[in-house]
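With chain A held as given, fit chain B onto it using these hints.
Here is how the chains run, residue by residue.
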Amino acid sequence: MTFLDFVEGPMFYAAAAIFVTAGLWRIIGILRIGKKPDLAPARGSATAGWWKGNLRHFFPRGLFAERTWMHILGGYGFHLGLFVLLFFAAPHIAFIERFTGLSWPALPRWGFIIAAEIAFAGLIVLWVRRFSDPVMRQISDWDDHIGTWLTFLVMLTGCLALQESVVALRATHMLFVNIWLIYFPFSRLMHAFTVFLSRGATGASYGRKGMNP
Amino acid sequence: MTNIAITTLLDQTDSDIAAYLEACVHCGECAEACQFYESTRDPKYTPTFKLAPLVKAYKRHKAPLRGIKKIFGLVPDEVTEDELREWEPLIYDSCTMCGRCTLVCPMGIDIAGTIRKVREGYAAADIVPDGLKQARVNVEKTSSPMGVTPKALLAQIKHQEEDTGLKIPVNVQGADYLALFSSHEIMASPEIIGAYARIFEKAGLSWTISTEAYEATNVGVQIGSGPLAAKLVQRVVDEAERLGVKYVISPECGHAYGAIRWAGPNLIGRTFDFEVLHIIELLDRLRRDGLIPAGKKDDRKLTLHDPCQIVRRGGLLKEPRRLMDDACSNFVEMPGAGIANLCCGGGGGVSANLRAEELRTKAFGVKLDQIDKLGGVDAVVIPCANCRGVFEDGLFDLDRELEVIGLGELVAETLADDPPKPAK
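From first to last, the protein sequence lines stand for chains A and B. Letter 106 of the first sequence, counting from 1, is numbered 106 in the working numbering, and no numbers are missing. Letter 85 of the second sequence, counting from 1, is numbered 85 in the working numbering, and no numbers are missing.
Worth flagging that the hints you see were computed from the coordinates, not collected in a lab. Heads up, a few of these hints could be off.
[Unchecked claim] Covered, in the sense of this in silico footprint (three residues per stretch, anywhere, with C-beta under 8 Å from a C-beta of chain A), are these stretches of chain B: (1) 15-28; (2) 137-145; (3) 169-180; (4) 202-215; (5) 310-320; (6) 399-413.
Backbone N, C-alpha and C fix where the C-beta goes; we use that ideal spot for every residue, glycine too.
Chain A on its own, in the form it takes in the complex (with noise of 0.2 Å):
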């Protein structure tokens, strides 16, 4: 079994299922510690709120931009690259064809290198200010640090593998992919799932309210 065999097969099963399971397990440990019902009338429909919740932090406030545009620009770029990165790069949609059978097109290549672009410069943008900014030096610790810089690798050495053409370059990228996709469900990257429940709980309490923040 080559290098690049053991990191494309046993390696990514193993990483993958315990994305899956330790995901799972997460997620499901935070719903089960429960919640007592709302006994106070509600004015509104927290199932409605729950969804609204979810949109409408999708869309930052403009009374807010004008202190956070930074941010706002570099966690937009970084997270809207990344997943046209993750789902639209022909190896990878060739990498879930040969398990899912599932296909769909692909971005032509200059596509992949402005994607890939942006998301560098937003992931490079949100991790700086980790130590140049006051309040995000403040706040950050070692869980927001390796996790940045494991996605970065991961993004760094698929890049270099973009052409297919060198084994050890495509192996080093699943390498990558492998040890993020283990550190992923115990650290902060489960804000990727977490932030759902977030969103939602916050939503659903506003709605029964009849307001939408």
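Then chain B, alone, in the frame of chain A:
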């Protein structure tokens, strides 16, 4: 002491709070919505940073996957008493639980609601500012944080009867509405009692004030003591149900409304036999039902302050604005008015906390800047007695002059002179 605090913090952590703690990405956006940070630029006032004791306790004792993390030494140490005390000013002095940070949070985290839970841990361990401790002592003696007794209430009612020429009903069995007031209103602006008497007379309402339950202020909610908050709500519920009223009117006081309307049934563990209405909600209903038609408008340049617990966290956004539109011809809105409006700087018990006075005045300065941007405002209409008190103190400290008035008073002053409609 520390164990009680930690146990209570963990008990307070339900799945919503856990979701908040798990979702925070440490982006720091919340600082930009917090006027304590805005007025000091000190990073320690970043809202999410204030939650640190709860975050530590949760990660160590309650978070999913903590067992695996413990193997690798990745769970935090136990929260210490020193840490709890170090964070106390952040939790009580620099957070009014205004909830503005939630608006800017990309994760939608209700930091204000979480601070309320953290205060439960602090109150259980009795790590509470002296000002709030004194308010608790007063409440236990008289049911009022300012020590307002039934005798003092009756004296103020008598004065208002003389001023208005109206009989103000007291302890009337079978009345439809039971009106509550805050201590601040009874002692500092008793004319609000007369204003309501005039409005209710015009609307033909059957209402009463009770000498057993007149105080709406709930110090338990401010301190973070669930048991005390429940006791204060129960007192009102018992009296309202004894009198057989259909409605309890929460006064122009922000947290009092949240305490009885939204938290009340959950605090005492059952629904009420009556409906809770905020006075603004009631006035808006009476106006729309044609029972209190508006008369000549106030033509001064007026703006409206949105008390956080009534508007952003209470759900009453349109009602005060409809009343303002009816009552004045030159109503101007502040930037971010409504759901994103700035706090007065003294909610959530901060105004009762002497230690926080300097910080509160700085935070109020940000609020004042918001009003100054409008230019030439003659008066600010404030439907919350606590906010009014903070405005008056802040204006005095900053050597500024600006009239502050209650919305109920404004409505009373601008009622039409036509004859009242028959009672419903």
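Here is how each hint holds up against the structure:
| no. | hint | verdict |
| --- | --- | --- |
| 1 | 15-28 | holds (count 12) |
| 2 | 137-145 | violated (count 0) |
| 3 | 169-180 | violated (count 0) |
| 4 | 202-215 | violated (count 0) |
| 5 | 310-320 | holds (count 5) |
| 6 | 399-413 | violated (count 0) |
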